[in-house]
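Participant: Sequence:
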Amino acid sequence: MIDAAKILRPARFFVLSALLCSCMVFSACNAKREVVFNPADENALELGVTWAVVTVPYAAYYREHNYQSDVIHNARQGDVLEVKGKYIEPNVRDINSVSAWYQFDFGWLDNVSIKLYDNRLKANAASKALVGDKQ
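Residue numbers for the sequence shown follow the numbering used here, beginning at 1 and rising by one.
Think of the hints as simulated: they come from the structure by calculation, not from any bench. Each hint should be verified, as a subset may be incorrect.
Unchecked claim - Per label pair, the in silico range of CB-to-CB distance:
hint	residue 1	residue 2	range
1	F13	L116	44 to 52 Å
2	M24	P57	43 to 51 Å
3	L121	R76	17 to 25 Å
4	S17	R76	50 to 58 Å
5	S17	D118	37 to 45 Å
6	R63	N119	22 to 30 Å
7	K86	L16	53 to 61 Å
8	P90	L20	55 to 63 Å
9	C21	K115	42 to 50 Å
10	N119	S22	33 to 41 Å
Unchecked claim - Restricting the straight-line Cα-Cα distance to at most 30 Å, the calculated cross-link-like pairs of lysine-lysine (DSS-like) are:
hint	residue 1	residue 2
11	K122	K86
12	K128	K115
13	K122	K84
Ideal Cβ positions, reconstructed from N, Cα and C, are used throughout, including at glycine.
Full structure from sequences and hints, please.
Facilitator: What follows is the structure, given as structure tokens:
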């Protein structure tokens, strides 16, 4: 005797697969999104450039990479800054930790007051999430 369920099982699988594939094809083709590129942001994705977002309400820019030097400027929470240089010094109290300082256009900030990103688009998104509509 022929088992009808065994004969219809491959046909059912084929019909369901065809239906699923057609749904995916039609849903992918219906939306035409326009990609807008701002030429002013030509270095927003540049390799080798690190960006920082100030995470504390106010951060002091120091003339040199230590707390004993003069404060020459300040940064506000949400500021997006391009990193110009980096200085790492070992911590004398804890041999397993280091203190990092990052140089910007206005001076040096410590690693405690900033968060680093590998491109400006990520840094801008983090800044907007951090401050919202305050700026």
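Participant: If you test the structure against every hint from before, which numbers come out violated?
Facilitator: Nothing - there is no hint that the structure violates, so all of them hold.
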